[in-house]
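Peer 1: The lines below spell out each chain.
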Amino acid sequence: MSEEKDIVEGFNSPVNLKYTFAAGAATSKFLREIKKGKIVGQRSNVTGFVSVPPRGACPISGTPMTEEVALPETATVVSFTIVHIPIPNAPVDPPFVVANVVMDESDQTFIHLVAECDPSKLQIGEKIKAVWKDESEWDLTLENIKYFVPTGEGAVDLQELKAKRLKETEKYRNA
Amino acid sequence: MSTEQDVLRSEFDLEFTYTRTYGPVMSQFFTALKNQQVMGIKTSEGKVVCPPVEYDPKTAEDLTDLVELPSEGTITSWSWVNEPMAKHPLQKPFAWALIKIDGADTAMLHAVDAPKDQVKTGAKVKIRWNDERVGWINDIACFELA
Chain B
1 MSEEKDIVEG FNSPVNLKYT FAAGAATSKF LREIKKGKIV GQRSNVTGFV
51 SVPPRGACPI SGTPMTEEVA LPETATVVSF TIVHIPIPNA PVDPPFVVAN
101 VVMDESDQTF IHLVAECDPS KLQIGEKIKA VWKDESEWDL TLENIKYFVP
151 TGEGAVDLQE LKAKRLKETE KYRNA
Chain F
1 MSTEQDVLRS EFDLEFTYTR TYGPVMSQFF TALKNQQVMG IKTSEGKVVC
51 PPVEYDPKTA EDLTDLVELP SEGTITSWSW VNEPMAKHPL QKPFAWALIK
101 IDGADTAMLH AVDAPKDQVK TGAKVKIRWN DERVGWINDI ACFELA
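Protein chains in written order, with our numbering: chain B, 1 to 175; chain F, 1 to 146.
By construction, these hints were calculated from the structure, which means they are not laboratory data. Given the structure is predicted, the values throughout are model-derived calculations rather than measurements. Heads up, some of the hints might be wrong.
Unchecked claim - Coverage of chain F stretches by chain B, computed from C-beta distances (three or more under 8 Å per stretch; other residues unrestricted):
#1 9–18
#2 23–33
#3 93–104
C-beta atoms are modelled at their ideal positions from N, C-alpha and C, and glycine is treated no differently.
Just chain B, same shape as in the assembly (with noise of 0.2 Å):
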């Protein structure tokens, strides 16, 4: 038997997946259209229900969502995270800050970074804007957003901006 500094306590095990992702006729006409720097979603003709990143259903009424809708850069924190160990590949250094976001004129939050904040100061309901990165690394991913940053307003009420859009949006459900 081998001496006892030599016992082996155990052994690496990776899970390896490999997929091939599809990403469906709305996420692609979604990521061609971010390649460009624009942010388009699509709009339910039913409900008035606006998702960005488009999913080519509405998830109310469960019928296609034909119309397509460019969105404007700004969007506003629904909840959050601070991070404090750094991720691989992550654009900014920890602490940094994962956060929920939803954009202006739309009504379905993805997730995405919130950086050049104090995250200790940061509110759920801040306006924040998006940072693109340099044009040259464009791709067909939503990182072409590098991140989001305070627009400076401060923070909006979560039930307003929800009563709002309900607002915005009952022209089509009375249709």
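Based on these hints, arrange chain F on the given structure of chain B.
Peer 2: What follows is chain F alone, placed relative to chain B:
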């Protein structure tokens, strides 16, 4: 409507870099395997379990009585693989088999490299050791007919 060509596709490789810890009993089993020695463990009923387990199957008490076993055994059950997958231990048709090591009362799963018509329940097999052993199950490259 969109066509198939409109849909973007991308290779996506998801990997979890786990390191698994053997624990007190399997550490000894795999350390022995690295040194070309098979080990079993004795239960309260005096049976030998190989590969060893940490706890008694009947009483659930800690087991510690490791015993050395030979590198030969008997096929107790098997299944033929016509088309090996990339991560299989052999890149040619082979058998997955339950092999009861001589002196053990339980069987272990491993690959058998042998012609299909010679893989049989009751066939005697022996370990083909891997040249490079690190202390894991692939230190046994496969079994072959004895």
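Peer 1: Work down the list of hints and note, for each, if the structure agrees.
Peer 2: Against the structure, the hints come out as follows:
1. 9–18: holds (count 10)
2. 23–33: This one holds; 5 residues, not fewer than the three required, reach chain B with a Cβ under 8 Å.
3. 93–104: violated (count 0)
Of the numbered hints given earlier, the model fails hint 3 alone.
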